[in-house]
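Novice: Can you build the whole structure from these sequences, using the hints too?
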Amino acid sequence: MHRRGGKRIRMDDPPPEYVNPMTPATPMTDYGGQSVHEPETPSYSGFNVGAVANSTATEIVREEPEESHHEEEAARSPSPAPTKRITRSRGRGGDGGYVGRLAESPPPPPLRRRGRGGRGRGRGRGAAPPQAYSPPPVLLPGDDESSLYNILRFNKTAINQVVDMWIEEYKTNRESALVQLMQFFINSSGCRGKVTPDMAQMDHTLIIKKMTQEFDEESGEYPLIMTGQTWKKFRSNFCEFIQTLVKMCQYSIIYDQYLMDNIISLLTGLSDSQVRAFRHTATLAVMKLMTALVDVALLTSVNCDNCLRQYEAERLKARDKRASERLEVLVAKRQELEENMEEIKNMLSYMFKSVFVHRYRDTLPDIRAITMAEIGIWMEKFPAHFLDDLYLKYIGWTLHDKVGEVRLRCLQALQPLYECEELKGKLELFTSKFKDRIVSMSLDKETEVAVHAVKLVIAILKMHPDVLTDKDCENVYELVYSSWRAVAAAAGEFLNVRLFRAEPEPAAEPARSRRGKRRLPATPLLRDLVQFFIESELHEHGAYLVDSLIESNPMMKDWECMTDLLLEEAGVGEEALDNRQESSLIELMVCCVRQASTGEPPVGRGPARKHHHLLSKDQAKQVSDDRSRMTAHFMVTLPALLDKFGADPEKLTNLVSIPQYFDLELYTTQRQEGNLTLLLNKLRDIVSVQTEAEVVETCGRTLEWLCGEQGGVYTRCNVARATITDMCVNRYKEAIDEYRSLLEGGETPDADEVFAVENSLRKVSIMYMCHNLNDTNIWDSLFEDLPKCIKQNESQMPPQALVYVVRACFYSVVWSLHELEERLVAGGGAADALSQLHDRLHGYMAQCRSIVAEGRSRALQEEAYSSVCDLLVVFAARLPHHAPALRRLVLLPDTDLCDLLNAAVQRLVFVHHDYDGQDERRIEELHKRRNFLAAYCKLIVYNIAPIRRAADVFKHYIKCYNDYGDIIKSTLSKAREINKLNCALTMELAMQALFTDMLQRHQTLNKQLPEFLELKELAKRFAVMFGLDAVKNREALTALHRAGIAFAALEPGRAPPPHLLFLEPLAEFSGKLLRQDKRQVLKFLDSRIQHSVQWGEEWAPLTAYRNSLLTDSPDERPPPARKHYARRHRGHEEDEGEENPDSDQEHPGTRRKRRKIDRPTPSTDTTPSKSSYSSDTSVAAAPRRSLRNKHQMRQ
84 MHRRGGKRIR MDDPPPEYVN PMTPATPMTD YGGQSVHEPE TPSYSGFNVG
134 AVANSTATEI VREEPEESHH EEEAARSPSP APTKRITRSR GRGGDGGYVG
184 RLAESPPPPP LRRRGRGGRG RGRGRGAAPP QAYSPPPVLL PGDDESSLYN
234 ILRFNKTAIN QVVDMWIEEY KTNRESALVQ LMQFFINSSG CRGKVTPDMA
284 QMDHTLIIKK MTQEFDEESG EYPLIMTGQT WKKFRSNFCE FIQTLVKMCQ
334 YSIIYDQYLM DNIISLLTGL SDSQVRAFRH TATLAVMKLM TALVDVALLT
384 SVNCDNCLRQ YEAERLKARD KRASERLEVL VAKRQELEEN MEEIKNMLSY
434 MFKSVFVHRY RDTLPDIRAI TMAEIGIWME KFPAHFLDDL YLKYIGWTLH
484 DKVGEVRLRC LQALQPLYEC EELKGKLELF TSKFKDRIVS MSLDKETEVA
534 VHAVKLVIAI LKMHPDVLTD KDCENVYELV YSSWRAVAAA AGEFLNVRLF
584 RAEPEPAAEP ARSRRGKRRL PATPLLRDLV QFFIESELHE HGAYLVDSLI
634 ESNPMMKDWE CMTDLLLEEA GVGEEALDNR QESSLIELMV CCVRQASTGE
684 PPVGRGPARK HHHLLSKDQA KQVSDDRSRM TAHFMVTLPA LLDKFGADPE
734 KLTNLVSIPQ YFDLELYTTQ RQEGNLTLLL NKLRDIVSVQ TEAEVVETCG
784 RTLEWLCGEQ GGVYTRCNVA RATITDMCVN RYKEAIDEYR SLLEGGETPD
834 ADEVFAVENS LRKVSIMYMC HNLNDTNIWD SLFEDLPKCI KQNESQMPPQ
884 ALVYVVRACF YSVVWSLHEL EERLVAGGGA ADALSQLHDR LHGYMAQCRS
934 IVAEGRSRAL QEEAYSSVCD LLVVFAARLP HHAPALRRLV LLPDTDLCDL
984 LNAAVQRLVF VHHDYDGQDE RRIEELHKRR NFLAAYCKLI VYNIAPIRRA
1034 ADVFKHYIKC YNDYGDIIKS TLSKAREINK LNCALTMELA MQALFTDMLQ
1084 RHQTLNKQLP EFLELKELAK RFAVMFGLDA VKNREALTAL HRAGIAFAAL
1134 EPGRAPPPHL LFLEPLAEFS GKLLRQDKRQ VLKFLDSRIQ HSVQWGEEWA
1184 PLTAYRNSLL TDSPDERPPP ARKHYARRHR GHEEDEGEEN PDSDQEHPGT
1234 RRKRRKIDRP TPSTDTTPSK SSYSSDTSVA AAPRRSLRNK HQMRQ
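The numbering of the sequence shown is this note's numbering, which starts it at 84 and goes up by one.
Just to be clear, a hint being listed does not mean it is correct.
Calculated cross-link-like contacts (lysine to aspartate or glutamate; reagent style DMTMM-like; alpha-carbon spacing at most 20 angstroms) [unchecked claim]:
1. K1090 x D1080
2. K518 x D555
3. K507 x D471
4. K464 x D388
5. K538 x D527
6. K700 x E665
7. K416 x E397
8. K816 x E867
9. K330 x E419
10. K254 x D339
11. K1115 x E1180
12. K1021 x E1060
13. K1103 x E1147
14. K640 x E665
15. K416 x E395
16. K464 x E411
17. K600 x D647
18. K528 x D555
19. K1090 x E1180
20. K239 x E251
21. K316 x D449
22. K315 x D449
23. K277 x E297
24. K277 x E304
25. K516 x E502
26. K871 x E836
27. K538 x E634
28. K538 x E561
29. K640 x D709
30. K293 x D281
31. K538 x E504
32. K871 x E827
Note that these hints are calculated values from the structure, not bench results.
Specialist: What follows is the structure, encoded as structure tokens:
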């Protein structure tokens, strides 16, 4: 790109358009701007590439006749006249041209040609093949073990020794050494062609053409894309060899106007080849060659500077001390170094414009990635030459690449440039043009790209603080809540740089609290963090914000600073925290406590593996140290925090949970028993005073944790737990006794007495959830109120209190089972306890069944439904496996109970509610309904209820897919594992139920009804679940078809049967049947519905179903329609490809392909072949022809 009239380069212009442009990797219109031109090809003599065509994106087939190539060459525009350059020989009066060669610029690419949809054939054409294991290399007959390729491939000799041996050969016979080097590049491309000494004198274009013809057609790989440790090492050796070769030849050989001319000419031609293997290998070689020359240029530049400094030092000496001979030597040396430098720059410029300019938008992503990775290295090492807008624009354009790996290489190339302060001035224009694109890449779908984009934005922020706008920063701020942990951590680092960076304190007196305590340095940062959390308006996601910052900012573990902000009153000149800020700080503090003491990230940010997050030894030690420091601090300060915020339920809920993460042994080792007693007293007071269920539940769980370890504090904590539970039970007994006394006396309890009953029952049910209260003997009192939950037994008992009664009784039964199991394991007598639990269990189940059917309120029905489902799981048939004595307690659902639960799940789950404008309530209700559905599905998954009981759930799979699709699909999968036959029949029952519902809604059925379309989609989803193994599913699929035919053939006296339309969705399963099974199903169909040629349009579903069964029965169908195409030549078979490579049955009429080709396969497994389509058409047409003939006869 030329600089005309001093105007700077338009970096937002699109990439240059060629005479015959290649298909770019990204749309050229992404960048906007007007068309620009490429800079002129540099004047670099010595490279005969005039006949080498730049490759196009569409790789043509190699077997095309040679006349086409001559036609293309005739259409090319002539190359500009060759020019010469200044070299060492010209400086000495020698010949200016390289040996026998003239410089020509690369010609424009040939006309773009399309061949069979743009897909090539053979090695190295089209898209890269999928990665697969490649066998280790072996020597084949005819291979030269001493060749450079085999030496590097088998890694037998050190790279330096290999280069030394080659240099010695070059000094002896440079033509022979050059042939070895050319053979090395050819073989490294996967070509086994031989370069003879005679060929070395040929034009490189002819050499490349001959090598192209010697490729192995049957193979689709070449060394650079082969997998395995051996080939990975070869790629490393390949790159190292090129760089070592240039390094060891940097003082003489690279300037001899023979080696570099021939190598660059060959590699330039190979990089323009339409064979992917040649193009990929040569591009990598050229890029590594340029990187090595950059290193040589740097060393030459240093030597030139040293020579100039020595010359100046010698020249400034006094005349009598000056050595004129030394000055002449230094002048000559400097001139030679400058000539060498100019020559290296010419080579770099030539290769850049002959290879890089064309390959940076190659169709192969690997090639584009190589170019971007290497140009970043050049800019970092040699900024004086490469860090210019002329080169930066290519990285900017490629930021829009469609492939994530290429975008990643661009960002990695830019990262070290923005970290160097000396390069700030050269990046201003690039930053202004491409800053928006870099910021937008922080939202990239590729996680690694997004992470590097955020890191680059951080580097830009440090180098150019004023470039990023507030909107740019806000886009990165939001990423701290990203579900990808690496992206969130990078965004947290951006927050640290932008907002949470501690500024050096001024000389003034530091801030102090009201009582004179000095504020810690992190205090203003924590204030900013709280404000940021409030302004983000994501108050339920504090754990994600903490996870983003906890590893990069020490303020997240500054417990003293946090508690000082909460406990210490604001001093002079300080602004006190308001209520919202206090709540936010407490929430963030508890999130920090949780993550610091466990090391576990929040839900959704952990590893993809199903098992628990595993910590390394260092991480575990760090977590242990953090937990100890946190415990030591909050043991002392937590009682004061509970005392200050005891009236606020929201703050209390968070603060009371902190002891769940304590290291309880520190209470005894650090002599803090007094603080433990103080904490337990605070918990007792909170349970006594608070009425919020969430606060009381958190207190109960904290008590459970404190009493869970048999440590030094267990006795003290157990006494406190007994005191708190007895307090709750005694208050319940007092409240219920007073309430019942009033009712017996004919009085009406007032609001206070009703509240006392409800509040005490709430606390009892919550404490029952975490602690065993059976020793308080309140079962009889609780069970007495269960009959009041039914509508017929109306009472003045508040409905919400009855919900707590049902819940408390459930936990009482479960705790009784736990006690009984422990007693049986210990070997004690348990006959009385077993009988008592049996009576209580069956009595409670009977009451719950009545409540589910006729409960006074929906909340009661929901609670009883959940209790029944859970008890069926707890007391399932596997209960006596470890204790045979528990066999009496096994609960098996009878038919009536299954019907009851099925009706309940339809009533509670599959209902539509309108929550316009109430998103929070809608989400809460959806979560609750999902739990109800999961409770019912567990009965199917654990094989407690028969699989057929899931039919009414499966029928909602399509309609309720967004809300419950994952639960239903998982249940289907588990049901198939239990019994394939029963699962298939259940699927058919679900389709029957959906069809019956449709009949009830519509008098007349047609195929366009939404319900019928839903039924067909349900059948398709069910059919996909049978997979590809038709043999394993044979019995199940046959039974499904028989059941469906029986349902469709009901009421045989009517013509046609009313359920005949059911056969159309049933046909979705026909493609899964084996050929012999299709015949049997067809016979069963004919036995139920008589075949007749007089069928009319109303029998179309039966016709379609028969056709689906006849596709694999040639003896029972008319011959297929004649094909109107000729058989393809074998050479073109691959272009059409296999219609269905994944199917387990070969379709009739489909010719088996000899080779699999590299092309996408269809996502479905039932794609018929062309002949199948023609067969279906002919069979379906037969009844229509009969009807037409009959109609004509009647006329």
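Novice: Give a verdict on every hint.
Specialist: Hints and how they fare:
1. Restraint check: the Cα-Cα separation between K1090 and D1080 comes to about 15 angstroms, which is no more than 20 angstroms; the hinted pair holds.
2. For a cut-off of 20 angstroms, the pair hint linking K518 to D555 stands: about 9 angstroms separates their Cα positions.
3. With a C-alpha separation of about 12 angstroms, the suggested pairing of K507 with D471 holds against the 20 angstroms cut-off.
4. The suggested pairing of K464 with D388 holds, with an alpha-carbon distance near 17 angstroms, which does not exceed 20 angstroms.
5. Taken as a hint, the K538 and D527 pair is honoured in the structure, with Cα atoms around 13 angstroms apart against an allowance of 20 angstroms.
6. For the proposed pair K700 and E665, the alpha carbon gap of about 36 angstroms is over 20 angstroms, so the pair is violated.
7. The hinted pair formed by K416 and E397 meets the criterion: a straight-line CA distance of about 14 angstroms does not exceed 20 angstroms.
8. For a cut-off of 20 angstroms, the pair hint linking K816 to E867 stands: about 13 angstroms separates their Cα positions.
9. For the suggested pair K330 and E419, the alpha carbons sit about 18 angstroms apart, so the restraint of at most 20 angstroms is met.
10. Using a Cα cut-off of 20 angstroms, the hinted pair K254 and D339 holds, with the two alpha carbons roughly 11 angstroms apart.
11. A threshold of 20 angstroms between alpha carbons decides the hint, and for K1115 with E1180 the separation of about 37 angstroms lies outside it, so the pair is violated.
12. Taking the CA atoms of K1021 and E1060, the gap is about 14 angstroms. The hint holds against a cut of 20 angstroms.
13. Pair hint K1103 plus E1147 holds up; C-alpha atoms about 11 angstroms apart against a cutoff of 20 angstroms.
14. Simply put, K640 and E665 have alpha-carbon atoms about 17 angstroms apart, close enough for the 20 angstroms limit, and the pair holds.
15. Of the pairs offered as hints, the one joining K416 and E395 holds, with about 14 angstroms between alpha carbons and a cut-off of 20 angstroms not exceeded.
16. Proposed proximity of K464 and E411 is contradicted: the alpha carbons are some 32 angstroms apart, above 20 angstroms.
17. Taking the CA atoms of K600 and D647, the gap is near 9 angstroms; set against the 20 angstroms cutoff, the hint holds.
18. Between the alpha carbons of K528 and D555 the distance comes to roughly 18 angstroms, so the proposed pair stays at or under 20 angstroms and holds.
19. For the hint linking K1090 to E1180, the alpha-carbon distance of about 13 angstroms falls within 20 angstroms, and the restraint holds.
20. Our distance criterion of 20 angstroms between C-alpha atoms is met by K239 and E251, whose separation comes to about 19 angstroms.
21. Taking the CA atoms of K316 and D449, the gap is near 18 angstroms; set against the 20 angstroms cutoff, the hint holds.
22. Our distance criterion of 20 angstroms between C-alpha atoms is met by K315 and D449, whose separation comes to about 15 angstroms.
23. Our distance criterion of 20 angstroms between C-alpha atoms is met by K277 and E297, whose separation comes to about 9 angstroms.
24. At most 20 angstroms may separate the alpha-carbon atoms for a hinted pair to count; K277 and E304 meet this at roughly 19 angstroms.
25. Between K516 and E502, the direct Cα distance comes to roughly 19 angstroms. Compliance with the 20 angstroms bound is thereby established for this hinted pair.
26. With a C-alpha separation of about 18 angstroms, the suggested pair K871 and E836 falls inside the 20 angstroms cut-off, and the hint holds.
27. At roughly 16 angstroms between alpha-carbon atoms, K538 and E634 fall within 20 angstroms of each other, so this suggested pair holds.
28. Between the alpha carbons of K538 and E561 the distance comes to roughly 15 angstroms, so the proposed pair stays at or under 20 angstroms and holds.
29. For the given pair, K640 sits about 8 angstroms from D709 by alpha-carbon distance, which is consistent with the 20 angstroms threshold.
30. Taking the CA atoms of K293 and D281, the gap is about 13 angstroms. The hint holds against a cut of 20 angstroms.
31. For a cut-off of 20 angstroms, the pair hint linking K538 to E504 stands: about 16 angstroms separates their Cα positions.
32. Between K871 and E827 the alpha-carbon distance is near 15 angstroms, which keeps this suggested pair within the 20 angstroms criterion.
Violated hints, listed in ascending order, are 6, 11, 16; each of the other numbered hints is respected by the structure.
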